[in-house]
Amino acid sequence: MTEIILKGCTLTQTGQKIRVQAVVDGCEPIWFELDKQCQSMIDTESVDAFFILYAWLAMERGLDLRVEGRVSRQLADAVTQDIKKMFLTLCPRLHDIDIDVLNPASSWPQSGDTSATGFSGGVDSWYTALQAAENGTPYSYYLFVNTGQHGEDNVKEVFAQRFAVAESALRTMDKPLIAIDSNIDVILRERFQQRVAISNIACALLLQQGISRYDYSSSYTPEDSGVFEHYSMSVMDPYILPLLNTERIRFFSIGDDAGRIEKLEYIASRDLFSNETYVCIEKTIPAINCGCCFKCRRTQLALESIDRMVLLKESFDFSFYKKIRLGSMVGLFSSADDNNLDLEIKNALIKKYGLNLFFVRVLSVVWSLAKKWSYPKKVDTLTMRLLPQSFQTLPG
1 MTEIILKGCT LTQTGQKIRV QAVVDGCEPI WFELDKQCQS MIDTESVDAF FILYAWLAME
61 RGLDLRVEGR VSRQLADAVT QDIKKMFLTL CPRLHDIDID VLNPASSWPQ SGDTSATGFS
121 GGVDSWYTAL QAAENGTPYS YYLFVNTGQH GEDNVKEVFA QRFAVAESAL RTMDKPLIAI
181 DSNIDVILRE RFQQRVAISN IACALLLQQG ISRYDYSSSY TPEDSGVFEH YSMSVMDPYI
241 LPLLNTERIR FFSIGDDAGR IEKLEYIASR DLFSNETYVC IEKTIPAINC GCCFKCRRTQ
301 LALESIDRMV LLKESFDFSF YKKIRLGSMV GLFSSADDNN LDLEIKNALI KKYGLNLFFV
361 RVLSVVWSLA KKWSYPKKVD TLTMRLLPQS FQTLPG
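All the letters of the sequence shown, read from the start, carry residue numbers 1 to 396 under the working numbering.
I should point out that these hints are in silico values taken from the structure, not numbers from a laboratory. Bear in mind that the values here come from a model prediction, so they are computed numbers and not experimental data. Some hints here could point you the wrong way.
To be verified - Capping the alpha-carbon separation at 30 angstroms, the derived lysine-lysine pairs in BS3-like fashion look like this:
| hint | residue 1 | residue 2 |
| --- | --- | --- |
| 1 | 295 | 371 |
| 2 | 351 | 17 |
| 3 | 156 | 295 |
| 4 | 352 | 322 |
As the list claims (entries may be wrong) - Ranges between beta-carbon positions, derived for each pair:
| hint | residue 1 | residue 2 | range |
| --- | --- | --- | --- |
| 5 | 314 | 343 | 24 to 34 angstroms |
| 6 | 171 | 352 | 27 to 37 angstroms |
| 7 | 23 | 282 | 29 to 39 angstroms |
| 8 | 361 | 17 | 52 to 62 angstroms |
| 9 | 338 | 112 | 44 to 54 angstroms |
| 10 | 372 | 320 | 21 to 31 angstroms |
| 11 | 320 | 39 | 21 to 31 angstroms |
| 12 | 275 | 137 | 15 to 25 angstroms |
| 13 | 7 | 372 | 50 to 60 angstroms |
| 14 | 338 | 309 | 20 to 30 angstroms |
Cβ atoms here follow ideal geometry from the backbone N, Cα and C, with glycine treated the same way.
Assemble the whole structure, with the sequences as input and the hints as a guide.
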């Protein structure tokens, strides 16, 4: 077989769940699964949700793609032209292939004026949700998806635990959180971050019968964004999201105008914020902030820098944070030159503590040199996890 043929999709119900699965030749079928209460929102008119994923998959495997099912003409034009070029620039490991869309269409039934966004309980998704509510345009739906962000082991359990955490955090918004499971991460070869946007947007495309606008929480600022080779598709959010529009749904990049500190200050000062945030990248059960991964350390330091210690105590193990505080600062300071998110927090801490951080700055220089000359990359992560344990206190 030298090509993948996307023929259509099927919809089946098992118990309380609806599964939408691609009908495809030449490779494995991708599927989505969600609660049957969402059935009226599911797009059964097109294969748009599958089309964008199979375009990437075909480029991974070096196979041509023929699409026989109905597809948005707008999306088909974008994928076969600009989006394919962007994929190749972002990830040179991909192959340039032929994509033949046999049944593009411009006329579709409209879903009305209904908006949605993704929600995980993290800083970016909280910022997006609260901004919309404050602007008088709250979302009708929130999506919580499994497209690869929940690891490789015990995925079902981790997904369920994290959904429960996000649902609890979202209770103040009084809107439904829709869980969408999938086998995308099993089928696609590239790691989740490499194709994050299209994996998540595919879930929104699946529901374009009930959603006409989807706001996507972005973490990169405009100066850090662009179309270039990178390990994360997130750097392309402002450029690729508009190209994923169809005649029925529009995508917008939200939050790229604010840094981590600004977002946390905004979130913490809003009445609708439930004081629950979940940022951890560890796939542990139960789903709690571990306090030690780079996202937890970064968030804890950011909260301290803006004097939001109450939120820090509610979302993290504060006694553990006090033990790793110095090591966390050293690690963040040493990486700030290569990471604008860390640099922003570093500057906020310096502004707050001034000369009291002299010792931290010296240690960060030593640690940067040690990483550069003494430690192979494969042990950096382990070393950074162990380093904080050797420091107990920090002046200031």
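Report task. Would you check the hint for residue 352 and residue 322, treating anything up to 30 angstroms between C-alpha atoms as holding? Result -> Holds, at roughly 17 angstroms.
Requested in this report: Take the C-beta atom of residue 338 and the C-beta atom of residue 112, compute their distance, and say whether it sits inside 44 to 54 angstroms.
Outcome: holds (45 angstroms)
Query raised in the report: Taken at face value, is the distance from the CA of residue 295 to the CA of residue 156 at most 30 angstroms?
Result: Holds. Residue 156 to residue 295 sits at ~22 angstroms (cutoff 30 angstroms).
Query raised in the report: Cβ-Cβ distance between residue 314 and residue 343: within 24 to 34 angstroms?
Result: holds (27 angstroms)
Report task. With 20 to 30 angstroms as the target window, see if residue 338 and residue 309 comply at their CB atoms. Result -> This hint holds: roughly 28 angstroms between Cβ atoms.
Query - Cβ distance range 15 to 25 angstroms for residue 275 and residue 137, holds or violated - result: The hinted range 15 to 25 angstroms holds for residue 275 and residue 137, with Cβ atoms some 23 angstroms apart.
Query raised in the report: Range hint 29 to 39 angstroms: satisfied by the CB atoms of residue 23 and residue 282?
Result: Holds, since residue 23 and residue 282 (Cβ atoms, about 37 angstroms apart) stay within the stated range.
Query - Beta-carbon spacing of residue 361 to residue 17 - inside the hinted bounds 52 to 62 angstroms or not - result: 54 angstroms Cβ-Cβ, so the 52 to 62 angstroms window holds.
Report task. Take the C-beta atom of residue 171 and the C-beta atom of residue 352, compute their distance, and say whether it sits inside 27 to 37 angstroms. Result -> 32 angstroms Cβ-Cβ, so the 27 to 37 angstroms window holds.
Query raised in the report: Is 50 to 60 angstroms a correct range for the gap between the Cβ atoms of residue 7 and residue 372?
Result: This hint holds: roughly 53 angstroms between Cβ atoms.
Query raised in the report: Are the Cα positions of residue 351 and residue 17 separated by 30 angstroms at most?
Result: violated (52 angstroms)
Report task. Starting from the hint 21 to 31 angstroms, judge whether the C-beta atoms of residue 320 and residue 39 obey it. Result -> violated (44 angstroms)
Of the numbered hints listed earlier, those contradicted by the structure are 2 and 11.
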